[in-house]
Every structure is written in C-alpha cells, then in structure tokens.
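Trainee: Let chain W serve as the given structure and place chain S on it in line with the hints.
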Amino acid sequence: MKLAFTDSHPEGIEAPYQVAITGLGVVTSIGTGKEAFWEGLLQSENLSPTRLVDDFDPSNWMSVKDARRADRYNQFGVAAAQLAMDDAGPLEVDPARAGVWMGTGVGGLTTLEGQVLVAHERGPDRVTPFLVPMMMANSNAATISMRFGFTNVCQATCTACAAGTHAIENAARLIAAGRATVMLAGGSEVATTITAQAGFANMTAASTAGISRPFDAERDGFIMAEAAGVVVLEELGHALARGAHIYAIVAGAGSNADAHHITAPAPHGVGAAGCMELALADAGITADEVGHINAHGTSTQLNDRSEAEAIEKVFGDRRIPVTSMKGALGHGLGAAGALEAVGACLTFEHDLIPPTANTKNVDPEIHIDVVTGSPRPLPKGAIISNSFGFGGHNGTLVLTRYQG
Amino acid sequence: MDDAQAFEQFKQCTVKVLGVSPEQVTMEASFAEDLDADSLDIVELVMELEDSFGIKVEESELEGVNTVGAAYQLVKGKLA
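Read top to bottom, the protein sequences are chains W and S.
For reference, each letter of the first sequence is one residue, going 1 to 404 in the numbering used here.
For reference, each letter of the second sequence is one residue, going 1 to 80 in the numbering used here.
These aren't lab readings, by the way, just hints derived from the structure by calculation.
A portion of the hints provided could be inaccurate.
Stated by the list, open to error - Here are the simulated lysine-lysine pairs, DSS-like style, with alpha carbons at most 30 Å apart:
no., chain 1, residue 1, chain 2, residue 2
1, W, Lys313, S, Lys56
2, S, Lys16, W, Lys65
3, W, Lys65, S, Lys56
4, S, Lys78, W, Lys65
5, S, Lys78, S, Lys11
6, S, Lys56, S, Lys16
7, S, Lys78, S, Lys56
8, W, Lys65, S, Lys11
Next comes chain W alone, as it looks inside the complex:
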C-alpha cells in the first residue's frame, strides 16, 4: 500500500508496513465458517429464492441478555468476528494496538422497523430504551471492540454495498501506516425486512424470477442476503513472529466516487474503472499482474454491464477469469465486500476459482471471461475484489499471495 501520492512521488510513497490477512470468519446462508462457506461457493447452482441464515442461533455466540440487546445484524457481525479470531489463533497483541472497522449499509434495521410499529401502534412510551444502541450503524463495531477489549481505532463505514470493502481498506491503511498492529475488519448486514425488501423490489433492483445469476443474459436483479464477514488484518512482521497462517497480503486498495447518480452506475463504468486503476497504483502493480477478478456482479442489468465495461477498459483484451460469488451468496449489501474478500483468500488457499453460480449464458453484450459451471484453476497473479455501492461509492481491494 502507498502512504501518499504527491507531485514529487507520482508513483506513490510506499507505506512502512505490509498488511497480512490471518483470520477469516463468515456467517452466510451457504455456511457459517470458512469450510462450509467454501463448499457452498463451489456449487454451480443455488436456486433458493432467499439467502437467509435460518439456523443462526445467537446464543452460540453471546449471552441471552447480550443477544436481546443486539440487533440481528450485530449478532451476525459478532459471530463472524469470533470465527475470524478463532481462525487467527492467539494474537498476542497489545489491546491498545488492536482495533475494529466494520461496514454496514443500514445497521439495525430489523430493530428499527419493529420499534416503528411499536411506537405507532402502542405509543412512544413503549419504544425500547435499547432502540438507539441497537439500530445505530456503529453498534456492531462497538460491540466487537468491547467483546475483545480492543481500544485502538473503532469505526464504522456506511457506503451501502461497498461498505465491507471500504472497511477492510480503511483498517488496512491504519496498519500500513503503523497506527495499529491488528484490526478486525469486515461488514455485516441484515436488511431483509419486509419494508427494505419492498424498497429494493419497487426500484426493480431485486430479482423477480428469484434467481441470482450475475452476468447472465436473463439476469433480472439480485437476491438480498443476510450475512456477515470479518477478516483479521495484521502487520506482516507481527504475523510472521507469531507463526500465523497468512492467507493473503492486502497489497493495495482503491476508493472513489462516480459523482453521477444515487443508484445508477456512471456510464460505461468509468468510476469503477478508475477505482480499479487507483487500487493497482496503490499496490504498485500493472493490470498484467492481475490473475483473477472477484467481481461485484450483483445480477442487476446495470451493475453487471457497467462493471464488465470497466473491466474491459482496465484490462483490455486480456481474458482474465472473472467470478461473482453473488450467484451463490446473493447480495449481502454492506457485508458483501467482506464475504468476497474472504472468498478471495480461500481462492488463493485452494488455487481454485469458484464458478458464478446459476449463470448459464453470459450476456452477449458482456465481453469478459466469466467463470461458470465448474471451478477453474487460479492463474498466477493478484486477485482484485470489487464492490460498488448505491450513491456511487466504489471500492477495490488488491490481494496478493504472501511469498515467504
């Protein structure tokens, strides 16, 4: 990662520290924990019309009292954070050097929606005193910091469907700059309430066929998922000293804005392309050094077309294998980028690119190499992971294999 780009250093000033990913945790409809998650990602089809985690039991992760005072999105995030911590092993870190950075689209929407009904039907004096701490979008980051006693930076990012990616970027930059040694970073989202579902359906972003099939000619929108993903980010030297397993290096990241429209991507994906170019420059690599793209690929008409155009613009005629994990996962909104970062780490781990589930016939207007049907061997090179949020927020991570 680079600390800065200046006139005298247009190629960027290298950050003093490298950032390793040393722990993975996910809660998703296809599985909780990295093993079940990976198995789910390898399937060529997932025709379930929903992506809910029906068997999630908060009491496996927190006390009954704590669970009652935490919105479901927060419970998911805590579970994912615990899984990531368990996966990372003993961190042996000064708590003042460890922090939390979580992303979410809306925070505790389930609680808010329920309490709106309470207020209107039973009166304002029946609204729970826990409404504010349960609904606020920083509640998950706060709960995680309290759980592990981490007192370094603790913040939340709200950039819609790019929030998980941006949270990881922001956390990684703190480590790269030497401000923190360990960060728990990711995203959590449970926005599958009747009202939010209606909002997405009525704006025609949700699939009416009930099939998530990114880049497919017949795609007609996404399927909303409830999910959370967390990674343990750790200063490389610290990770090596304690003998940690290193899944990947966060080599660079990009973040920019379309400054175009509140929901539609900029024409021809110019913002997305710019974001990928920023990320490559941050990593100090060229497009030729990228081996695989983990796309945002939501299964909406607009996103998939403009993202494909952006990829073509940045990578030219090179046929880089592209996959979208949203065929399997649905769209985890503020969690999506974190799930896909975990997915990219596991892609390195297994040297396999999972297929874009459900996609049978790639849209003839989309000229990128979409991995469909069965997994494909991972070529050499970096993996880039894209996330784009309503509001025109773009985020890209560049992950590389640790060459020990």
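Mentor: Same frame as chain W, but now just chain S:
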C-alpha cells in the same frame, strides 16, 4: 392474584428481560450488583412489568428502587 402468583409473574418478567436465572430473582437481590442490570435494563424491565401487570409506573417512583424486593413492593402496591 395472591402474593405468590404475583411474585412468580414478577420473576418471569425479570428473567425474560435481564436474562438471569429464576433462582437469582430473590427479594434481597440488587439489580446492579447481583443481576448486572444498568439503567436501560431497568427501564426495559419496568416496561415489561407495566405490560404484564397492566399498571403504570412513573419515572419518579423508581427513585431509590435498587432491589428486587423494592421493585416488587412498588408493583404490588399498584395491584387492586
């Protein structure tokens, strides 16, 4: 409703809201010390008790109510 029934109902509300075990809900138990309840927990418990018993408790009445026994007496005093 006799006293035993009323306290049983009070106990159930407390167990539900504070996530404690029924055995912990004794007359002597302190909300802060023994039941790990902070001020927001007390507000929620009062709301639960109001719903359960069909009573109304004013905020001013909660002054100095620090134990299960004191809270139970407050509730009991409002039952016809």
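Trainee: For each hint, tell me whether it holds in the structure or not.
Mentor: How the hints compare with the structure:
{"no.": "1", "hint": "Lys313/W x Lys56/S", "result": "violated (66 Å)"}
{"no.": "2", "hint": "Lys16/S x Lys65/W", "result": "holds (9 Å)"}
{"no.": "3", "hint": "Lys65/W x Lys56/S", "result": "holds (25 Å)"}
{"no.": "4", "hint": "Lys78/S x Lys65/W", "result": "holds (28 Å)"}
{"no.": "5", "hint": "Lys78/S x Lys11/S", "result": "holds (17 Å)"}
{"no.": "6", "hint": "Lys56/S x Lys16/S", "result": "holds (19 Å)"}
{"no.": "7", "hint": "Lys78/S x Lys56/S", "result": "holds (8 Å)"}
{"no.": "8", "hint": "Lys65/W x Lys11/S", "result": "holds (16 Å)"}
Going down the numbered hints, you'll see the structure goes against just number 1.
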